[in-house]
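Here are the chains, one letter per residue:
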Amino acid sequence: MPKKSDTRILEDVGIEIDGEVDGAEENNKPKGKGGKKTAAGKRSKAAGSEDDEDDDDAPPKTRRAANKKKPAQADEEDSDDDVPQRRCAGNRRRGKVRDKGGEGGESKRKGRGGKKQKNAKGKAKENEKGSDDDKKKKKDSSGDDSNSDEEEDSMSEGEMARLMEEVEEKKKLIATIRNKPWRMRRRLKVLKEAQQFVDKFEGALGKGKGRKLYAYKVMMMKKWIKFQRDFENFRSACIPWERKIKEVESHFGSSVASYFIFLRWMYGMNMVLFGLTFGLVVIPEVLMGLPYGSIPRKTVPREDQDTAMDYSVLTDFSGYCKYSVLFYGYYNDQRTIGFLKFRLPLSYLLVGVGTFGYSLMVVIRTMAKNADVGGGDGEDSEFTFAWKMFTSWDYLIGNSETADNKFASITTSFKESIVDEQENQKDENIHLRRFLRVLANFLITCTLGGSGYLIYFVVKRSQEFANMSNLSWYEKNELEIIMSLLGLVGPMLFETIAELEEYHPRIALKWQLGRIFALFLGNLYTFLLALFDEVNAKLEEEESIRNNSIWLMKEYYANYTANNPNDTGTPPPMPPADVIRGPCWETTVGVEFVKLTVSDIQVTYLTILIGDFLRAVIVRFLNYCWCWDLEAGWPSYGEFDISGNVLGLVFNQGMIWMGAFYAPGLVGINVLRLLSSMYYQCWAVMACNVPHERVFKASKSNNFYMGLLLLILFLSLLPVVYTIMSLPPSFDCGPFSGRQRMFDVIMETIDLDLPAFMGTLFSYAANPGLIIPAVLLMVLAIYYLNSVSEAYQNSNMELKKKMQMARDEEKNRRNNKDSTNQVMKDLEDLLPKRSVAHHAHPVNNAEKRPEGGKSPKVKPGTAGGGVHVQKDVSLASANPNARGPVTRAPGPRGPGPLPGRPGAGPPRRQ
Amino acid sequence: MGNKQVTFKEEQLEEYQDCTFFTRKEILRLHRRFRELAPNLIPLDYTNSPDITLPPCLITSMPELKENPFRQRIVETFSEDGKGNLSFNDFMDMFSILSEMVPLELKMIYAFKIYDFNKDGFLCEKDVEETVARLTGKELRLEERRLVAQRIMEEADLDGDGKLSLLDFKNMIWKAPDFISLFHIRI
Numbered sequence: 000m001p002k003k004s005d006t007r008i009l010e011d012v013g014i015e016i017d018g019e020v021d022g023a024e025e026n027n028k029p030k031g032k033g034g035k036k037t038a039a040g041k042r043s044k045a046a047g048s049e050d051d052e053d054d055d056d057a058p059p060k061t062r063r064a065a066n067k068k069k070p071a072q073a074d075e076e077d078s079d080d081d082v083p084q085r086r087c088a089g090n091r092r093r094g095k096v097r098d099k100g101g102e103g104g105e106s107k108r109k110g111r112g113g114k115k116q117k118n119a120k121g122k123a124k125e126n127e128k129g130s131d132d133d134k135k136k137k138k139d140s141s142g143d144d145s146n147s148d149e150e151e152d153s154m155s156e157g158e159m160a161r162l163m164e165e166v167e168e169k170k171k172l173i174a175t176i177r178n179k180p181w182r183m184r185r186r187l188k189v190l191k192e193a194q195q196f197v198d199k200f201e202g203a204l205g206k207g208k209g210r211k212l213y214a215y216k217v218m219m220m221k222k223w224i225k226f227q228r229d230f231e232n233f234r235s236a237c238i239p240w241e242r243k244i245k246e247v248e249s250h251f252g253s254s255v256a257s258y259f260i261f262l263r264w265m266y267g268m269n270m271v272l273f274g275l276t277f278g279l280v281v282i283p284e285v286l287m288g289l290p291y292g293s294i295p296r297k298t299v300p301r302e303d304q305d306t307a308m309d310y311s312v313l314t315d316f317s318g319y320c321k322y323s324v325l326f327y328g329y330y331n332d333q334r335t336i337g338f339l340k341f342r343l344p345l346s347y348l349l350v351g352v353g354t355f356g357y358s359l360m361v362v363i364r365t366m367a368k369n370a371d372v373g374g375g376d377g378e379d380s381e382f383t384f385a386w387k388m389f390t391s392w393d394y395l396i397g398n399s400e401t402a403d404n405k406f407a408s409i410t411t412s413f414k415e416s417i418v419d420e421q422e423n424q425k426d427e428n429i430h431l432r433r434f435l436r437v438l439a440n441f442l443i444t445c446t447l448g449g450s451g452y453l454i455y456f457v458v459k460r461s462q463e464f465a466n467m468s469n470l471s472w473y474e475k476n477e478l479e480i481i482m483s484l485l486g487l488v489g490p491m492l493f494e495t496i497a498e499l500e501e502y503h504p505r506i507a508l509k510w511q512l513g514r515i516f517a518l519f520l521g522n523l524y525t526f527l528l529a530l531f532d533e534v535n536a537k538l539e540e541e542e543s544i545r546n547n548s549i550w551l552m553k554e555y556y557a558n559y560t561a562n563n564p565n566d567t568g569t570p571p572p573m574p575p576a577d578v579i580r581g582p583c584w585e586t587t588v589g590v591e592f593v594k595l596t597v598s599d600i601q602v603t604y605l606t607i608l609i610g611d612f613l614r615a616v617i618v619r620f621l622n623y624c625w626c627w628d629l630e631a632g633w634p635s636y637g638e639f640d641i642s643g644n645v646l647g648l649v650f651n652q653g654m655i656w657m658g659a660f661y662a663p664g665l666v667g668i669n670v671l672r673l674l675s676s677m678y679y680q681c682w683a684v685m686a687c688n689v690p691h692e693r694v695f696k697a698s699k700s701n702n703f704y705m706g707l708l709l710l711i712l713f714l715s716l717l718p719v720v721y722t723i724m725s726l727p728p729s730f731d732c733g734p735f736s737g738r739q740r741m742f743d744v745i746m747e748t749i750d751l752d753l754p755a756f757m758g759t760l761f762s763y764a765a766n767p768g769l770i771i772p773a774v775l776l777m778v779l780a781i782y783y784l785n786s787v788s789e790a791y792q793n794s795n796m797e798l799k800k801k802m803q804m805a806r807d808e809e810k811n812r813r814n815n816k817d818s819t820n821q822v823m824k825d826l827e828d829l830l831p832k833r834s835v836a837h838h839a840h841p842v843n844n845a846e847k848r849p850e851g852g853k854s855p856k857v858k859p860g861t862a863g864g865g866v867h868v869q870k871d872v873s874l875a876s877a878n879p880n881a882r883g884p885v886t887r888a889p890g891p892r893g894p895g896p897l898p899g900r901p902g903a904g905p906p907r908r909q
Numbered sequence: 000m001g002n003k004q005v006t007f008k009e010e011q012l013e014e015y016q017d018c019t020f021f022t023r024k025e026i027l028r029l030h031r032r033f034r035e036l037a038p039n040l041i042p043l044d045y046t047n048s049p050d051i052t053l054p055p056c057l058i059t060s061m062p063e064l065k066e067n068p069f070r071q072r073i074v075e076t077f078s079e080d081g082k083g084n085l086s087f088n089d090f091m092d093m094f095s096i097l098s099e100m101v102p103l104e105l106k107m108i109y110a111f112k113i114y115d116f117n118k119d120g121f122l123c124e125k126d127v128e129e130t131v132a133r134l135t136g137k138e139l140r141l142e143e144r145r146l147v148a149q150r151i152m153e154e155a156d157l158d159g160d161g162k163l164s165l166l167d168f169k170n171m172i173w174k175a176p177d178f179i180s181l182f183h184i185r186i
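Chain order of the listed sequences is A and B. Going by numbering that gives the first Met the number 0, the residue at position 762 of the first sequence is 761; the numbering climbs one at a time, nothing skipped. Going by numbering that gives the first Met the number 0, the residue at position 62 of the second sequence is 61; the numbering climbs one at a time, nothing skipped.
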C-alpha cells in the first residue's frame, strides 16, 4: 500500500475512535448519507456482526456515526474500512462464483442458486438492501462449503489471482491485527472473519497439481506460525526474574530496575562464557586428564603439604586450591587427552580468545540494538515543556512513596523550567565558581594519582612480603583490603568534592560516574602494571629454577643408580611432590584475580549488610527511643546507589575477563556471584532502601552502561592478548608449557592435524606480503565507512534543518492566515465590487474565511454543504509534515494566486 | 490453579494471542488478576465469553494503577462505554496496549486519548492544564500552570489552532527520548 494511504488510515483510525465515543449518543440520527461505498461498508459490517451474536449492533452504529461525521470523506472512510470493504468484495465475488456455479448446475440446486442470483442482483441496489440481505447471503455461503469444489473449477484466472491477493491481505491482517487501535471486541470479530475467509478460500486456490502443493504450503505455514508462537511462549517463560524485577520496578521506578535488568543481562552473558569454559576446558580436563598427584604440576609441593588443607591457606587460594582445576597451572601440555583425543591446549587457547570474541560481539550487538530504539535523539530542546509533561510520568510506578517522589521531582523540574524561562541566566560570581571547579578537579586528580601510587606501593610491598614468612593477617591481605577501601572511600570523596562545583545534578552525576570509573580503571591498571613487574621478575627467576630442576633430576637418577647398583631397569620416576618447580607466573596472576574478585564480593555484600540493612534496622527500631526523628532526620534509610552498583558490576566483569584466561574457575565464581547478588540485592533493595528523592529516568543510560562495559572489555583485552602473543609461558605448568609462545599451539595443530596444503595455505596467509595489504584494505574500508556515515550524518542534519524550516513556515502560514483573512475581510468590506480581474480573490476569500475562523470548532455533521470543505481542511491541516502542500480541497479553489500560500509570495501581499 | 476447570478454550487463547501482545501464560494470569478484583462476580469459566463489566473503582484499585494520576482516564479510555466500566476484553486491551512490545505508533494514539480529558479529539489548553495539575498536585499556582500550558502549545502546536491534534502530539512524542520506555505497565 502506498505511504500516503497508510498515513490516512492512521489518521482516520484516530478519528474513528473519537467517532466511537460520540457514536453512542448519535446513533439514532438518520444515516443514509454517502454513496455506494458507505453503504458497502455498512453492509459488510452487518455481515461481520453475524458472527458475534452478543453484539451485532454497536460497531455498525459507530461506523454509521463515523460516516455521518465525515460525509465528504467517503473515500478516506473507505480506506479505513478497507477490511470490511474487502470482505464485502469477497462476498460479492463469492456471490458471482456461486452464480456461475448455479447456472451450471441449476437443476441440482435450484433454490439456492436462485437466491444467490437474487443476491447478486441485489448488489446493484445495495442502498436499499440492508444488512438482512447480506446476512442471508453470508449464511448461504457458509452453507455452500461442501460444493465449493465444483465452483472453483469455473473460476477464471483473474478471479483466482484476485482471490489469492485477498487471502494474502487477510493473512496480513491477521498478523497485524494487534497493531490496530480498535476495541478488543471489534478486533476479535474482524479476526474471526478473516480467519474464516482464509480457511474457506485458502484451499480453493491453486489448480490441479498446484493445488495440492499450495495446500501443503499453507498447512506448513500454519504449523510454522503455531510453532513460532509456542516457541515465543516458551522463550518468554524462560526469562528469569521477570516478576522480581517487576516488583522492584513498581517500587522504585525504571531507573533502579534498569540496574537489575543489566544484572540479568550480565548473568546471561556470563552463563554462556561459563558454558564455554567449563564445557570445553574444565570438564574435559576433569574427566579425561591425568588425575591429581600424577605429575608435579598437579601436586602440592612437599613443603606445603602440611598446611595445604588449612582454612586460612585455602581462603588465600593457595594449597590445594592453587593446584586444582581452577587455575592455569594445573593443566597438562599433552596434545590430546582421553580416548576422544581431545586437544586440550588448543581448546584452552581458543576458549580464552573466544571469550573475548563472544563478549565483544554481544556487547556491540546489544549496543546497536539499543541505539535504534527509543525514537529520536533527545538533544534538541524544542519540546522541553511538552516532553516534561507528556513523557515524564513513569507508568511503572506502583508504590505511593515513589509516586510522591515522582510528583515532587516533576514539580521541581517544572518549576526549574519556569524559572529558566523567566530569567534566562542570573550572573553570579563566576570567577569564584570557576576557581572552585578548577580546585575540585585538581583535588580529584590528586586523589586519583594518590590512589594509583598507593596501589603500586602496596603491590610492591606484597611482593616483598611474599618472600618473608610469619606474616600477620593484615600483611597477607593488604593489597585486597587497600583496593576495596579505595573503591569504597574514593566515590564518597568525589561526591564531597563535587559539591564544590555546583553543577546541575544530571551533569554532576555524569562527572561522578566518569571519575569513579577513572578511579577503578586506574587502580586496575596500576595493579596490572605491578603484576607485570612481578611476572618479569618471575620469568628471570624461572631460568635458574629450570636449570636447578634439571640438575636435581639428574642427581636423583644418579643417586638411584648409586643406591641400587643391581637394578638395570629404568629408575622409578621421582615422586611428583618433590620436584622443584618454577614460579608459574600464570597461576600467580590467576590467584591474584580470584582473590580480588572474592574480596570485592565480600566488600559489596558487607556494605549492603551494614550500610543498608543494619542502618535500616537501627533507624526503624531505635526510632522509638531517640531524641530526633531518625527516619526523617540524619541517618534515614539508604537509597539504592545505581551508578555505584553499575560501575561495580562493570569493573568486576573487567576483572573476570582479564583473569579468566589464567583461572578458568573464575567464570564459575562470577556466575555464582551474579546469581546470589540478584536475590540478595533484590531483597536488600526491597527491604531496606527507600526510593530516590530525585527519581530519574533510566533512559538511554542502558547504552551508557554498555559503553562502559565495552571500554573495559577492550582494556582488559589488551594485557591478555599481550601475554598470549609475547610472553613465554612457564616451562613446567599450564597447557602451553614447553612452547616458546602460547599461540604456538595453533601452529602445531596446523602442522600436525590438518592436511599439508592447509599448512602451506596458512603460511601464505601469514606472509607479510598478504597481511599488509589486508590491513591496508581494512583501513581503507574503515575510512570509507567513516566518510559514508559522516555523509549520512550531514544529510541527516540537512533534513532536520529542512524539517525545522518547514515547520516554521507552516507555523507562520497558519498564524498569518487568520490575520490575512482579517485583512481580506476589511478589503472586501471596503471594496465590495472590484474589476473582473480581481474577481478570483474575493471568491477565494469567501471560501477561506469560514475555514480560518471556524475550522477549529467545526462540529462535524451539523452543517450542510459548506461543511464538506471545512471538514476536509481541518482534517488535512492536522498533518502539515506528512502532506504539507496539499492542505486544501482541490475542487473549489480558483487558479489564481492564493492568499496564504507560501509559494505565491508573502501572505500579506494583498 | 489447582483445579482442572477450563478458563478459555484453546481457540479463544489463540485469538487473544492474535489480538494482543500477550503470551498464553500472561493471558491466563490477566484473567486471574481480573477475577481477583471481584471473585464473586467474575466466573472462572470464560469459554462462552460472558459480557461482565467491572466498575472503574475496582480497576483503579489495582496496585499497577493505584498511584497513576491518570488512572481514571486510562480506564475510561479503554472502556467501551466511556464511563470506565471494563469488560475482560477491555481489560486485556488496556494492558496489551500498555505492555512492552507495543509499537510506538499505537502507544501514541492511546496516550493521546488518555490525555484528552474532554474527549473532543484535541488536546486543548484545558486538557493540558488538567494534565499539569494532575502531575504536580496542587504545587503549581494557577498562573504557573497557565504558563506551562501556553509554552506547550507554543512548542508543539504546529498548525497554530490553539490545540494539539493527534498529529501534533505524535510529532512531539516521536522525538521524545523516553516515552516508549515509560508508557508501559508490566503486569
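Hint data in this document are derived by calculation from the structure and do not stem from the laboratory. One or more of the hints may lead you astray.
Said to hold, decoys possible - Residues from chain B that face chain A, not an exhaustive set, calculated with beta carbons under 10 Å:
1) Cys56
2) Lys65
3) Ile179
Claimed, not checked - Straight line, CA to CA, 30 Å or less: simulated DSS-like cross-link-like pairs of lysine-lysine:
4) Lys297(A) <-> Lys475(A)
5) Lys387(A) <-> Lys801(A)
6) Lys800(A) <-> Lys174(B)
7) Lys225(A) <-> Lys106(B)
8) Lys179(A) <-> Lys24(B)
9) Lys459(A) <-> Lys368(A)
10) Lys221(A) <-> Lys118(B)
11) Lys125(B) <-> Lys106(B)
12) Lys125(B) <-> Lys387(A)
13) Lys162(B) <-> Lys106(B)
14) Lys387(A) <-> Lys8(B)
15) Lys162(B) <-> Lys125(B)
16) Lys368(A) <-> Lys800(A)
17) Lys137(B) <-> Lys191(A)
18) Lys799(A) <-> Lys106(B)
19) Lys179(A) <-> Lys162(B)
20) Lys414(A) <-> Lys8(B)
21) Lys222(A) <-> Lys65(B)
22) Lys162(B) <-> Lys24(B)
23) Lys174(B) <-> Lys125(B)
24) Lys106(B) <-> Lys191(A)
25) Lys179(A) <-> Lys137(B)
26) Lys216(A) <-> Lys199(A)
27) Lys414(A) <-> Lys65(B)
28) Lys106(B) <-> Lys179(A)
Please read these numbers as outputs of a predicted model, since none were measured by experiment. Glycine residues also receive a C-beta, built at the ideal position from the N, C-alpha and C atoms.
Status of each hint after checking the structure:
The beta carbon of Cys56(B) comes no nearer than 17 Å to any beta carbon in chain A, farther than 10 Å, and the hint placing it at the interface is violated. A cut of 10 Å between beta carbons decides the hint on Lys65(B): the least distance to chain A is about 7 Å, and the hint holds. Interface restraint check: Ile179(B) against chain A, minimum CB-CB distance 6 Å, threshold 10 Å, status holds. This hinted pair checks out: Lys297(A) and Lys475(A) have alpha carbons roughly 25 Å apart, not beyond 30 Å.
In summary, the hint linking Lys387(A) to Lys801(A) is supported, as the alpha carbons are separated by about 25 Å, within the 30 Å threshold. For the hint pairing Lys800(A) with Lys174(B), the CA-to-CA distance comes to about 15 Å; that is within 30 Å, so the pair holds. A hinted pair counts as satisfied when its Cα atoms are at most 30 Å apart, and Lys225(A) with Lys106(B) qualifies at roughly 27 Å. With a CA separation close to 23 Å, the supplied pair Lys179(A) and Lys24(B) stays within the 30 Å bound.
Taking the CA atoms of Lys459(A) and Lys368(A), the gap is about 44 Å. The hint is violated against a cut of 30 Å. As the CA atoms of Lys221(A) and Lys118(B) are separated by approximately 41 Å, the hinted pair breaks the 30 Å bound. Using a Cα cut-off of 30 Å, the hinted pair Lys125(B) and Lys106(B) holds, with the two alpha carbons roughly 22 Å apart. At most 30 Å may separate the alpha-carbon atoms for a hinted pair to count; Lys125(B) and Lys387(A) meet this at roughly 17 Å.
Of the supplied pair hints, the one linking Lys162(B) and Lys106(B) holds, its CA atoms being roughly 20 Å apart against a limit of 30 Å. The hinted pair formed by Lys387(A) and Lys8(B) fails the criterion: a straight-line CA distance of about 44 Å is larger than 30 Å. Between Lys162(B) and Lys125(B), the direct Cα distance comes to roughly 9 Å. Compliance with the 30 Å bound is thereby established for this hinted pair. Distance restraint check for Lys368(A) and Lys800(A): the Cα-Cα separation of roughly 27 Å lies within the 30 Å cut-off, and the hinted pair is therefore satisfied.
Restraint check for Lys137(B) and Lys191(A): the C-alpha separation of about 48 Å exceeds 30 Å, so the hint is violated. Of the pairs offered as hints, the one joining Lys799(A) and Lys106(B) holds, with about 24 Å between alpha carbons and a cut-off of 30 Å not exceeded. As the CA atoms of Lys179(A) and Lys162(B) are separated by approximately 25 Å, the hinted pair is consistent with the 30 Å bound. For the hint pairing Lys414(A) with Lys8(B), the CA-to-CA distance comes to about 54 Å; that exceeds 30 Å, so the pair is violated.
Only pairs whose Cα atoms come within 30 Å are accepted, and Lys222(A) paired with Lys65(B) is rejected, the gap being roughly 42 Å. For the hint linking Lys162(B) to Lys24(B), the alpha-carbon distance of about 42 Å lies beyond 30 Å, and the restraint is violated. For the suggested pair Lys174(B) and Lys125(B), the alpha carbons sit about 24 Å apart, so the restraint of at most 30 Å is met. For the hint pairing Lys106(B) with Lys191(A), the CA-to-CA distance comes to about 24 Å; that is within 30 Å, so the pair holds.
Annotation: proposed proximity of Lys179(A) to Lys137(B) is violated, straight-line Cα distance about 37 Å (limit 30 Å). The straight-line distance between the Cα atoms of Lys216(A) and Lys199(A) is roughly 15 Å, inside the 30 Å bound, and the hint therefore holds. Restraint check: the Cα-Cα separation between Lys414(A) and Lys65(B) comes to about 26 Å, which is no more than 30 Å; the hinted pair holds. Taking the CA atoms of Lys106(B) and Lys179(A), the gap is about 11 Å. The hint holds against a cut of 30 Å.
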